[in-house]
Amino acid sequence: MARIRVQEADFDLGAETAALLAGRADIGGLGAFIGTVRGDVGGRALAALHLEHYPAMTEAAMAAIAAEAERRFALAGCTLIHRVGRLVPGAQIVLVLAASAHRQAALDASSFLIDWLKTDAPFWKREEFTDGESRWVEARDSDTAAKARWAG
Amino acid sequence: MARIRVQEADFDLGAETAALLAGRADIGGLGAFIGTVRGDVGGRALAALHLEHYPAMTEAAMAAIAAEAERRFALAGCTLIHRVGRLVPGAQIVLVLAASAHRQAALDASSFLIDWLKTDAPFWKREEFTDGESRWVEARDSDTAAKARWAG
Amino acid sequence: MNGGGGAVRVLYFAWLRERAGTGEETITLPGDETTIAALIALLSAQSPGHAAAFALRTSVRAAVNQVFAGPDTKVRPGDEVAFFPPVTGG
Amino acid sequence: MNGGGGAVRVLYFAWLRERAGTGEETITLPGDETTIAALIALLSAQSPGHAAAFALRTSVRAAVNQVFAGPDTKVRPGDEVAFFPPVTGG
Chain A
0 MARIRVQEAD
10 FDLGAETAAL
20 LAGRADIGGL
30 GAFIGTVRGD
40 VGGRALAALH
50 LEHYPAMTEA
60 AMAAIAAEAE
70 RRFALAGCTL
80 IHRVGRLVPG
90 AQIVLVLAAS
100 AHRQAALDAS
110 SFLIDWLKTD
120 APFWKREEFT
130 DGESRWVEAR
140 DSDTAAKARW
150 AG
Chain B
0 MARIRVQEAD
10 FDLGAETAAL
20 LAGRADIGGL
30 GAFIGTVRGD
40 VGGRALAALH
50 LEHYPAMTEA
60 AMAAIAAEAE
70 RRFALAGCTL
80 IHRVGRLVPG
90 AQIVLVLAAS
100 AHRQAALDAS
110 SFLIDWLKTD
120 APFWKREEFT
130 DGESRWVEAR
140 DSDTAAKARW
150 AG
Chain C
0 MNGGGGAVRV
10 LYFAWLRERA
20 GTGEETITLP
30 GDETTIAALI
40 ALLSAQSPGH
50 AAAFALRTSV
60 RAAVNQVFAG
70 PDTKVRPGDE
80 VAFFPPVTGG
Chain D
0 MNGGGGAVRV
10 LYFAWLRERA
20 GTGEETITLP
30 GDETTIAALI
40 ALLSAQSPGH
50 AAAFALRTSV
60 RAAVNQVFAG
70 PDTKVRPGDE
80 VAFFPPVTGG
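Chains as they are written, first to last, in numbering that gives the first Met the number 0: chain A, 0 to 151; chain B, 0 to 151; chain C, 0 to 89; chain D, 0 to 89.
If you are wondering where the hints come from, they were derived from the structure by calculation, not from laboratory data.
Careful: at least some of the hints might be erroneous.
To be verified - The calculated DMTMM-like cross-link candidates involving lysine to aspartate or glutamate, where the alpha carbons are at most 20 angstroms apart (straight line), are:
hint: 1; chain 1: A; residue 1: K146; chain 2: A; residue 2: D107
hint: 2; chain 1: C; residue 1: K73; chain 2: C; residue 2: E24
hint: 3; chain 1: A; residue 1: K146; chain 2: A; residue 2: E67
hint: 4; chain 1: A; residue 1: K146; chain 2: B; residue 2: D107
hint: 5; chain 1: B; residue 1: K146; chain 2: A; residue 2: D107
hint: 6; chain 1: B; residue 1: K146; chain 2: B; residue 2: D119
Claimed, not checked - Using C-beta positions, here's what the derived DEER-type ranges look like:
hint: 7; chain 1: B; residue 1: A62; chain 2: A; residue 2: R70; range: 49 to 59 angstroms
hint: 8; chain 1: A; residue 1: A44; chain 2: C; residue 2: R8; range: 33 to 43 angstroms
hint: 9; chain 1: B; residue 1: D130; chain 2: A; residue 2: R71; range: 48 to 58 angstroms
hint: 10; chain 1: A; residue 1: E132; chain 2: B; residue 2: A147; range: 47 to 57 angstroms
hint: 11; chain 1: A; residue 1: G131; chain 2: B; residue 2: A18; range: 32 to 42 angstroms
hint: 12; chain 1: D; residue 1: D71; chain 2: A; residue 2: A44; range: 36 to 46 angstroms
hint: 13; chain 1: C; residue 1: R56; chain 2: B; residue 2: R139; range: 16 to 26 angstroms
hint: 14; chain 1: D; residue 1: R75; chain 2: B; residue 2: G22; range: 32 to 42 angstroms
hint: 15; chain 1: B; residue 1: V87; chain 2: A; residue 2: A66; range: 47 to 57 angstroms
Stated by the list, open to error - To spell it out: a stretch of chain A is covered by chain B in this simulated footprint if at least three of its residues, at any positions, have a beta carbon under 8 angstroms from a beta carbon of chain B; those stretches are:
hint: 16; segment: 27-35
hint: 17; segment: 47-56
hint: 18; segment: 66-75
hint: 19; segment: 123-135
Built from N, CA and C at the ideal position, the CB exists for glycine as well.
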């Protein structure tokens, strides 16, 4: 039921939302999250983020996360899109949509989906700074803590 | 800083999001909520929802809610749009957008904004059923409870 | 201020409007100042519709000059007072 | 199964790929079955780059046949094994 995509191309929030809601009168709320590239990392100017992934595993891992959300929340549908490749500041990185008859399920599911994507989908970010330096982003304890809120 | 609108016309999620993100490289996450009209209320077929409001007060109340969100969360911007008039099943009712440098603030603020809109903005819904009957929606304890989570 | 009272604009919304049979009316206060609770008592005596509008007191909310108000909130000539059920937007 | 071992496809991602100096290689197992921990020991001996890739063991994650795996997860001929840092998508 979930729509899952990994792509270099940008995505269109309005079109994705319209596709999820089209012809449905059983949906009362839609929660969404979009992650975007910030132009500043700790005071250093970013030229771009490079998103690498594990192609054979990525969509299956995202589908498993969506299935877990559908098991936990009364969802009418959800959409997960994650971009890969070189993304400049201001660019969209990731889209999460969760639709439900009830707003709380829609909001909780969209939080759940982005928290789990951060810890359970095989993507890696490399930061390219305007001074030419480049470094891999380190996983943050706060992401593991955010996922741990959903334990049980 | 917040964009606040009350209108009969529909709104465009993609356009509103683009307007909020345009030219900004300080945003890392955007949380959104859209409320839509369900076609079924406890097994009865709905013909339409009628949204009434208190024009002289509505935008000021919405601005106060947005200001409270900006006080509590590190927001780069937010948008609140609420429709009024007759809305058929599937129609969009309300839009909340909250943008921040960090995803948790964006997600928390979008939840906060819709919870407070439900309890602190002067809108009233009347349900028009397909059998011709009509009734005012009663406020729900669960909405008051949802707002109470944000106490303090 | 003078002691002769003055006009207050009263608005009704949702089912309070339907029961009162009007969305807006002007009421002359007996004095310079009253409260929401006292104004409700005054309005309830206007007509059976008004009495019905205010019968379920726990379901009636109020605003004075577009700000949510309680039973003890002061009302003065020139104010705009609105009565309505608990809100159900969003 | 035969007792002569067999080939395992090994993938590296992010900085493990850069340190190992390759994104993909095929390794012949000494027997019919091993574990992620034993495979890491075997791979670390391949080159200084490999040793550097696996030096920070607490920062190395693994998957066997596209499913997250732990140090004791079994690896058999024909499997696809991937090594990478903790994920940072989203």
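Evaluation of the provided hints:
1. K146/A with D107/A: holds (12 angstroms)
2. K73/C with E24/C: The given pair, whose Cα atoms are some 19 angstroms apart, holds under the 20 angstroms limit.
3. K146/A with E67/A: holds (13 angstroms)
4. K146/A with D107/B: holds (15 angstroms)
5. K146/B with D107/A: Holds: K146/B and D107/A sit about 15 angstroms apart, inside 20 angstroms.
6. K146/B with D119/B: Holds, at roughly 9 angstroms.
7. A62/B with R70/A: 49 to 59 angstroms: violated (40 angstroms)
8. A44/A with R8/C: 33 to 43 angstroms: Since A44/A and R8/C have Cβ atoms about 57 angstroms apart, the given range 33 to 43 angstroms is violated.
9. D130/B with R71/A: 48 to 58 angstroms: Violated - the Cβ-Cβ distance for D130/B and R71/A, about 36 angstroms, lies outside 48 to 58 angstroms.
10. E132/A with A147/B: 47 to 57 angstroms: Hint holds: Cβ distance 48 angstroms, inside 47 to 57 angstroms.
11. G131/A with A18/B: 32 to 42 angstroms: holds (34 angstroms)
12. D71/D with A44/A: 36 to 46 angstroms: holds (44 angstroms)
13. R56/C with R139/B: 16 to 26 angstroms: holds (20 angstroms)
14. R75/D with G22/B: 32 to 42 angstroms: With Cβ atoms ~54 angstroms apart, the hint is violated.
15. V87/B with A66/A: 47 to 57 angstroms: violated (33 angstroms)
16. 27-35: holds (count 9)
17. 47-56: It is violated, with 0 qualifying residues against the three required.
18. 66-75: violated (count 0)
19. 123-135: Our answer is that it is violated, as 0 residues pass the Cβ test (under 8 angstroms) against chain B, missing three.
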